[in-house]
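Can you build the whole structure from these sequences, using the hints too?
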Amino acid sequence: MSSIYLPLHYGKAPYWLLERMKKLAKPIILLIIQEFGEKEFFERMSNPIFFQSFSNVLGFDWNSSGTTTVLTGVLKSVLNTEEFEVKIAGGKGKSALNTPDQIRELSNDLGLRDSNVKRLIEASKMAAKVDNAVLQDGYDIYHHAILFSKKYWTVIQQGMNAKCRMARRYHWEVYRTIPQIEDVHSGIVAERREGEVINLVSNESREARKILLDLIKEGRFKRDYQKLISIKKFRGSLHVPRRIDWNSVERAYELQPEKFEDLLFIRGFGKGVIRALALISDLIYNVEYDKQDPAKYCFAVGGKDGVPFPVDKKTYDEVIEFMRDVIKQAEISDFERRKMIQKLG
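FYI, in this note's numbering the residues of the sequence shown are 1 to 345.
Worth flagging that the hints you see were computed from the coordinates, not collected in a lab.
These numbers were taken from a predicted model, which means no experiment stands behind them.
Glycine is no exception: its CB is placed at the ideal position from the N, C-alpha and C atoms.
Listed next, the in silico DSS-like pairs over lysine-lysine satisfying Cα-Cα at most 27 Å (straight line):
#1 K210 to K227
#2 K328 to K313
#3 K151 to K39
#4 K296 to K313
#5 K22 to K92
#6 K22 to K151
#7 K23 to K328
#8 K94 to K125
#9 K94 to K26
#10 K118 to K94
#11 K163 to K125
#12 K339 to K314
#13 K271 to K94
#14 K151 to K118
#15 K151 to K26
#16 K125 to K150
#17 K163 to K94
#18 K125 to K210
#19 K291 to K125
#20 K210 to K259
#21 K92 to K151
#22 K259 to K291
#23 K92 to K271
#24 K23 to K343
#25 K313 to K343
#26 K39 to K313
#27 K227 to K259
#28 K343 to K22
#29 K328 to K343
#30 K210 to K232
Here are the computed distance ranges between Cβ atoms for each label pair:
#31 N247 to E218: 14 to 22 Å
#32 N247 to K125: 13 to 21 Å
#33 Q342 to N247: 55 to 63 Å
#34 K23 to D245: 43 to 51 Å
#35 E318 to E218: 45 to 53 Å
#36 R242 to K23: 49 to 57 Å
Below, the structure written as structure tokens:
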């Protein structure tokens, strides 16, 4: 685990490897849920280091963005059966777009009430909007998955920066309800930190989020947007979105949302509108948003000199120890057990 990267990967995992991964994943998942509880399983999946090490011991190469898509596919095959009361919806591309329908179908298997199904669909849509538009780090979400049960949910999704051919994975905390949008990530896996981002998810952006909401509710956005365009004339490097969905802005004004999160459920209220609002908050009202990249984990594990990310040795050691204990107890062959433990080394 000393050298882990996440470059883009366009190939497919071979059939034999997928079948092997499913065969090994099932007893491990079963043991975690039975011995440590459902919430522990959710927290482990929410942990970027555990997620990566789980993929590794199942036999998938560290050095690929395919870790996310392949392991999610394996989890869907294992969990979306009668044997488990934890389900996973979503996936890559079209499968991600079909997440609401998958949630409805799988929720029916769990016997969830309509109100709970609605909450899960809202959580899924909100998470996708947050990592695409509320956090603007140069990566576009192309893989989205929500893991849920009768009690808990968490989201694992991946974004792509096609220009630099890199990906990053976003892990959310474990929740029971729809959270306030503030520090919602348990970890973000990246190969590098970006120089400057728009991070409205941060607690340091709390005042900026309030300004954004006020601008919409008071109908000031269009006027201030023209001021922003004027500022750009003197700051050539400033990227001001030229295409704004004004219909979504009008819908937001008519709705008079009570909180920032309500804006995220308005159709068309996306990256361009939110970026313009953030810039207005910063440049016109002098209320700054957090510009630091929130990525916490780098799969270069800091590199030899610990730059750009320090090695979180304590977390890695804890994950390895937990995984080793689980593998020792899981109902798998001694040959597979030895092989998996060797991979942890």
